[in-house]
Amino acid sequence: MNRTDFGGHAGRRWRAAAPLLTLVAVGALAAGCTSTGSDSASSGAASSAPQGSAAQPAASGDLSLIMVGHGPESDPTAVIMVRGMNDACQTFGFSECKYRGATTETFSAADQAAIIEAAIAEQPDVMLITDPTPEGLNPSIQEAIAAGIKVALVNQATEKDVIDTGALQAVAADPYTTGKLVGEQLIAAGVKRPLIMSVTPGIPFVDQRVDGIVDAYPEGAVNVLQLPLETINNPTAVVQGTQAALVKDEQVDGVLSVGVLFNPPMLAVRDNIGDRGKAMKWASIDVGEAVMAGLEAGDVTFAADEQPYLQTFQAVQTAYLAMQGVEPGQQFIKSGPVFVTPDNLEQYKIATEAGVRG
Amino acid sequence: MDKESVTTEASSTSVEEASAPGPVPSGKAAHGSPGTRLPLWRRLIVRPELTAVAGTIVAFSFFALTSGSSGFLTYLGTINYLSVAATIGILAVPVTLLLVAGEFDLSIGAAVGATGVLVSYVVVELQLPLWAGLVAGLAIAVVIGLVNGLLTTFTGIPSFLVTLAMMFALEGLAVALTKKVTGQTSINGLNRAAGDDPLFALFSGTYFGVPVDVIWWIGLTVLAAFVLAKTKFGNWIYVSGGNADAGARMGVPVRLTKTLLYICTASAAVLVGVLFTTQVNQADATNGAGMEFQAAVATVIGGALITGGYGSPIGTFFGALLFGMVAQGFFYTDIDGAYFSTFLGVMLLLAVGLNQYLRISSMRARSKA
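So the protein lines, in turn, are chains S and V.
Just so we're aligned, residue 1 is where the first sequence starts under our numbering, counting upward by one.
Just so we're aligned, residue 359 is where the second sequence starts under our numbering, counting upward by one.
Just to be clear, a hint being listed does not mean it is correct.
Stated by the list, open to error - Heads up, incomplete: computed chain S residues facing chain V, CB under 10 Å, no partners named:
1. Ser74
2. Ile80
3. Ala221
4. Leu225
5. Glu230
6. Thr231
7. Ala237
8. Val238
9. Ala245
10. Pro265
11. Ala293
Claimed, not checked - For each label pair, taking beta carbons as the anchor points, the in silico distance ranges come out as:
12. Thr106(S) / Arg550(V): 33 to 43 Å
13. Gly514(V) / Gln90(S): 46 to 56 Å
14. Ala189(S) / Thr436(V): 29 to 39 Å
15. Glu250(S) / Phe651(V): 27 to 37 Å
16. Val539(V) / Gly329(S): 52 to 62 Å
In short, the hints are calculated from the structure, not lab data.
Glycine included, each C-beta is placed from N, C-alpha and C at the ideal position.
All chains should be modelled from the sequences, with the hints used to inform the complete structure.
Set out below in structure tokens:
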């Protein structure tokens with residue numbers, strides 16, 4: 001290509017202007033590309049056109065919502081929360097509904113705060129935010145509220161967080177309470193010496209669930225199996241670790257899985273240990289297909305569901321009503337746990353088919 | 359020096375040291391007077407497998423002593439750590455061969471989850487027979503292997519980076535596609551759908567008291583050791599890792615060798631993916647995450663050199679055995695399971711350090727003899 005290809009002086013000016021023109025063109029394209037899919041739950045930094053001020057009750061079809069969670073979108077609980085969010089968005093006429101969550105394995109409060117701030121810049125009408133680390137996240141949540149966005153806390157949040165930040169409401173389950181109630185349910189089922197399939201301490205909501213169960217029992221009655229984090233994605237290691245713990249303590253008469261990832265291995269252990277397995281009680285936190293099959297067969301005594309679907313659906317409803325000028329009557333709504341047993345399974349199945357439950 | 363006795367020396371030592379020709383002088387050229395051989399203990403001590411075997415004996419003794427009657431020494435306890443070792447060991451076998459050829463594969467962990475879900479999808483959702491699922495899994499393994507192998511050998515990008523990129527790609531695809539078809543990140547029900555299939559017996563069950571994953575592990579290890587020591591392909595592997603340029607000039611198909619090995623690692627991932635699924639009747643897209651490092655640790659403890667050209671499937675066998683024994687052994691003791699990571703790090707350093715020391719001192723010993 002020749003220097004003079006664009007034609008002398010004019011060419012030089014054109015060539016200088018070209019980068020600038022390119023920038024302008026790209027900017028115009030980006031501004032013009034508004035994503036309008038109402039069901040798209042995309043994680044990542046794709047930005048839409050600014051929504052303008054969000055405080056007035058808008059005509060349906062104009063509303064936008066961003067949810068910022070602390071887990072990846074692939075997380076089984078996040079999947080259910082996103083379903084609840086999408087269904088509510090459709091019901092209440094939101095045109096944009098997105099989930100933003102963890103993108104790396106070492107996702108921290110600082111990372112989540114950064115995503116919250118990026119979301120604030122897009123000026124959605126509503127934000128749903130999970131609050132597992134209030135000290136790190138509450139400042140960003142307050143910023144969102146100050147920007148005129150309706151904010152509801154979901155999944156991991158307390159009444160105190162609502163008061164501290166000024167959010168509309170929290171719809172969540174308290175992991176410690178879940179643990180306590182699960183422990184009581186185990187006692188009612190006749191389990192005197194349970195084994196809890198858990199991980200090494202470090203994940204707060206898991207630690208709190210375990211604490212709750214341990215506190216429901218007399219001192220020393222509960223065995224907690226702490227599987228190393230390196231091995232939790234190795235089903236063989238989880239199965240064998242649990243079987244080792246059962247061999248070590250012959251008096252264990254019940255096993256509880258602390259979350260959905262351990263449910264299939266727990267049921268495999270039940271099959272593997274033959275008669276002893278049939279004589280023991282098996283229960284789980286979180287449901288899922290494997291446990292559903294177990295409940296139906298009568299192999300599983302109960303599953304505790306914290307109802308993540310309800311968390312997001314309710315939160316969207318609260319925010320929508322607030323936009324119409326109807327303030328929430330309660331600052332904290334407990335979403336669960338509810339206990340699914342072989343007796344109430346039929347009800348539960350209807351909900352699962354409707355996609356409402358996991 | 360009598361030519362005949364030197365040749366006899368050469369052939370007998372080459373059978374013994376078949377696992378370690380590479381950059382280490384094999385001793386063929388370094389013998390002094392005819393009939394001189396290093397003492398047996400000296401020859402044993404320099405084998406790459408030594409550290410792994412010694413480590414296994416030490417770990418076994420430790421857990422046998424500290425766990426007392428809590429079950430470590432029972433049949434069930436043994437099957438316990440053997441099963442876990444097998445899952446790492448199966449992956450580590452082709453990883454060893456690949457490392458001898460001078461390359462890494464970081465994508466196998468993600469491949470375990472992705473292919474496991476694929477096989478389940480074909481059998482459970484599409485309701486096709488098990489062989490169709492396996493063929494689909496292996497077909498994807500070939501694609502993964504081809505991409506890894508061709509990108510590494512043709513572009514000159516380090517295999518570490520190529521396979522790291524593949525790992526990310528597979529992770530995302532596995533989760534996204536599974537969610538698209540089932541709404542969740544796992545597919546349940548393989549055992550129900552395929553339990554009656556005759557092929558199912560290859561991936562589930564216990565034979566003569568040995569679980570099927572352990573049988574695969576032992577079988578693949580023996581096969582790999584044979585291939586590496588006794589076949590032309592094994593020579594090609596050594597040359598690719600030891601001196602690829604010279605090898606290529608001599609007509610060794612370095613690119614083909616490496617690409618085939620990448621297909622082998624991906625295929626091992628399919629096997630482990632299916633074994634995981636039959637264990638718990640569910641394929642999860644996140645199964646196998648992190649195992650690429652565990653397989654590499656087992657390989658390195660087993661004596662393989664990170665730089666290539668040197669390694670032993672038998673050593674890796676003991677490396678994986680050590681890993682499994684330690685991972686499960688903790689549960690039989692009262693030691694806090696959180697120390698597992700620390701233990702792993704220290705063990706790795708000790709093993710590699712010892713391997714290094716013994717190799718170097720063996721080179722010095724031979725050059726003096």
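What hints, given by number in increasing order, does this structure fail?
3 and 16
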